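> In case you want the letters, here they are:
There are 2 protein chains.
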Amino acid sequence: MSRGQHQSKKLKSLGAALESGALAQVRRILNSDLQAADVAHLLESSPPKERNLLWNLIEDENEGEVLHNLSDELQSWVLNRMSVQEVANAMTDLDTDDVADLLQNLPNTVTQEVLTTMDSQDRARIEAVLSYPEDSAGGLMNTDTVTVRPDITLEVVLRYLRRHRSLPEMTDNLLVVNRHDEFIGILPINKILVSDADTTVREIMSTDIITIRATMEDTGVAQIFERHDLISAPVVDEKSGKLLGRITIDDVVDVIREDADHSLMSMAGLDEDEDTFAPALKTSRRRAIWLGINLMTAFLASAVISIFQGTIDQVVALAVLMPIVASMGGVAGSQTLTLIIRGQAIGHIDSSNVRWLLSREFLVGISNGLLWAIVVACATYFWFSDIKISLIIGAAIIINLIVAVMAGAFLPLWLKRIKVDPALAGSVLLTTITDVVGFFAFLGLAAGFYF
Amino acid sequence: MSRGQHQSKKLKSLGAALESGALAQVRRILNSDLQAADVAHLLESSPPKERNLLWNLIEDENEGEVLHNLSDELQSWVLNRMSVQEVANAMTDLDTDDVADLLQNLPNTVTQEVLTTMDSQDRARIEAVLSYPEDSAGGLMNTDTVTVRPDITLEVVLRYLRRHRSLPEMTDNLLVVNRHDEFIGILPINKILVSDADTTVREIMSTDIITIRATMEDTGVAQIFERHDLISAPVVDEKSGKLLGRITIDDVVDVIREDADHSLMSMAGLDEDEDTFAPALKTSRRRAIWLGINLMTAFLASAVISIFQGTIDQVVALAVLMPIVASMGGVAGSQTLTLIIRGQAIGHIDSSNVRWLLSREFLVGISNGLLWAIVVACATYFWFSDIKISLIIGAAIIINLIVAVMAGAFLPLWLKRIKVDPALAGSVLLTTITDVVGFFAFLGLAAGFYF
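If you read the protein sequences in the order shown, they are chains A and B.
The first sequence runs contiguously to residue 452 in my numbering.
The second sequence runs contiguously to residue 452 in my numbering.
Since no wrong hints were added, every one of them can be taken at face value.
Once the Cα atoms are required to be at most 20 Å apart in a straight line, the calculated PhoX-like pairs of lysine-lysine come out as:
1) K240/A / K10/B
2) K50/A / K283/A
3) K10/A / K240/B
Derived from the structure by calculation, the hints contain no laboratory data.
Note that the coordinates shown come from a computational prediction; the quantities given were computed from them, not determined experimentally.
The task is simple: from the sequences and hints, build the whole structure.
Okay, structure coming up:
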């Protein structure tokens with residue numbers, strides 16, 4: 002039986018034990034049978050009451066590893082119920098970057114208290130990582146590099162490694178530095194294995210490799226890892242050329258996942274860390290704000306309609322048909338918006354191709370506008386037998402679809418330039434535009450034609 | 002200067018060379034200066050005309066690597082303009098899984114032709130991978146495993162490796178098999194380095210490790226890699242226990258990116274592989290279908306409104322206010338829908354917690370419904386000084402918000418059960434429900450109260 006099947010069997014027996022209240026058994030499964038990552042996933046998939054119960058059954062020595070595997074949202078939840086000493090204990094076995102990650106979720110005063118409980122070397126390392134923003138290469142890096150000098154032979158390297166008895170996880174390269182700790186190149190572990198023992202490091206090291214600046218944004222780091230299929234990459238100080246640490250693919254995968262989730266969740270006004278099982282009160286408070294913002298745009302649309310109350314009073318069919326114009330604009334615009342936001346996230350869009358993109362969207366707006374204007378106009382004529390309304394709704398749809406795709410393209414570009422998150426603000430602004438323009442075009446044309 | 006800065010400098014000079022028409026220079030940069038991954042990214046970020054020009058300047062021997070780095074959408078585009086022999090040549094230097102990936106984008110007859118040009122060992126390997134669905138572990142795996150027997154010493158292993166002179170990329174473990182090729186365990190490369198040469202493989206190999214079934218879905222594979230921070234994992238035949246191949250993190254990262262993109266893009270009716278720079282005609286045809294589907298739901302909403310034409314004729318304020326009810330429902334519902342779709346994608350939601358989730362959403366619907374009903378009712382009274390309409394819109398908002406969050410929660414669960422993609426079908430169905438219920442509740446209550 003494979004490991005994976007074992008795990009899911011254990012999870013099932015855990016569920017049964019939980020339901021029957023056999024807590025000793027639950028405790029055993031949590032602390033001995035399951036891996037920390039599985040326990041973390043279990044906590045993330047549990048409603049608050051079970052979550053509380055499970056966390057209390059995890060033994061102190063396992064808390065650190067589980068904690069590190071939890072999402073940001075749940076880390077805060079757990080950290081808030083631990084004392085400073087408990088937090089410090091839980092962190093003893095973790096990598097520098099993971100400790101720094103956790104500390105970033107704590108209030109500043111608690112962070113300082115936890116740091117004072119550490120020995121000075123650990124503290125210095127963690128403070129180095131903490132000195133960079135959380136979403137930068139520096140905040141993502143780990144200081145557990147294994148470095149060698151270029152002029153020694155592989156035999157010496159191997160002797161040195163055997164003395165250490167273990168290498169940090171995800172070590173695919175040793176990092177070659179000179180006596181000033183300046184980064185020179187990498188020595189792939191695999192090359193050590195297949196080369197003769199009397200070769201020197203300099204002879205087989207690679208120097209044409211990608212280094213990461215400590216100040217680089219984490220999404221940029223992720224693009225480099227994705228594009229070049231890296232397992233780890235050295236982080237180097239821009240000015241001094243000194244080796245600062247390294248970034249590993251496991252942390253990059255988290256960035257990729259969060260980054261991709263970010264666009265999806267933000268477009269619905271949710272946080273990418275949003276806890277699926279947050280209590281009703283907590284999640285409804287957050288979502289209420291988003292509804293409030295959308296309510297304002299809805300009232301704005303109503304205000305536009307109210308200008309034309311007189312027209313609607315005369316031709317009530319306008320009230321029946323007006324949501325079609327707004328809705329088609331909303332859909333067309335959000336397609337463009339999504340495409341551009343995704344393109345920005347993968348790094349496809351820059352000043353060299355943006356003009357082509359805008360003119361392409363303009364063409365898409367015109368052609369789809371024409372197509373659906375004809376369809377809607379025919380359907381309207383068939384329904385109301387009124388040629389005037391049919392022509393008016395057709396014209397309104399063309400106008401709104403063109404405006405919608407142009408807004409869907411311009412908004413994210415403009416929002417990014419003024420450093421506002423396009424995924425978060427884009428969809429609300431777009432809906433406002435397509436509703437207002439949709440109602441205004443349709444009812445305005447009607448008012449003009451009928452009076 | 003770091004490698005990364007070098008690259009972006011080269012890209013800039015490429016842009017300048019392209020604009021000035023210095024094709025010889027462009028050709029040199031494309032084929033010697035840039036890595037295949039960067040060239041692929043450049044092609045993906047180029048409008049069709051430049052893309053064509055660039056592809057023609059890439060030399061035959063580099064085509065394979067560039068091709069492998071392209072998105073599915075662009076792979077098809079390139080493959081369609083190559084002859085069978087060119088395709089076969091381009092594939093000579095690629096990994097089995099990458100070749101299989103490419104072949105899956107070709108018509109079946111072409112695939113067969115390409116396979117006949119290969120030697121029998123390569124063909125057998127590729128056919129093995131092709132025999133699994135593209136989105137399964139088998140379709141994702143590579144057959145370039147380095148295997149060892151448990152009873153040999155590390156010295157023998159090292160001698161064997163030195164004879165090979167190179168290891169496949171992303172090799173963090175050698176795989177230990179018995180004489181029947183059945184998988185026994187892994188021998189981490191790092192352990193070879195830090196252990197004495199006379200140790201046997203059996204003494205230091207790990208046997209409690211995660212294996213992947215060949216039939217597992219690729220999203221499941223991604224979750225395992227993410228959760229356990231793997232670089233590679235062995236793929237094993239469920240029944241025989243035989244080692245089939247291995248999956249590496251670089252391919253898993255692509256699955257994670259595609260999977261996360263899928264939800265975002267599908268909710269706007271787009272394909273996750275959608276080419277950002279597709280020609281206007283191609284992209285507008287695809288998007289037109291989505292607009293057509295949405296038009297049907299819009300006409301359904303109009304049909305509901307038309308039932309109450311008489312009521313609107315009497316109280317025109319209803320036409321002004323009705324979009325608010327529909328829009329609030331749409332927003333509230335899409336928040337729940339997004340949360341559940343994301344939860345499904347990460348594997349957080351199963352039968353054990355779904356009931357809790359539904360009741361939580363019900364509470365969120367009631368509380369946000371009440372809150373915004375009061376706000377909207379007050380705003381309406383302030384605007385129209387009509388207590389009846391204020392009460393009616395408040396009631397309609399409570400009804401629609403509760404229906405919206407319940408639909409947002411039930412729809413993806415139900416769609417997943419009937420094997421329809423929740424991200425694709427969910428948002429259209431949800432809008433239909435929130436529009437229809439919104440208009441019906443508001444206008445229906447009004448009709449009841451006024452007559």
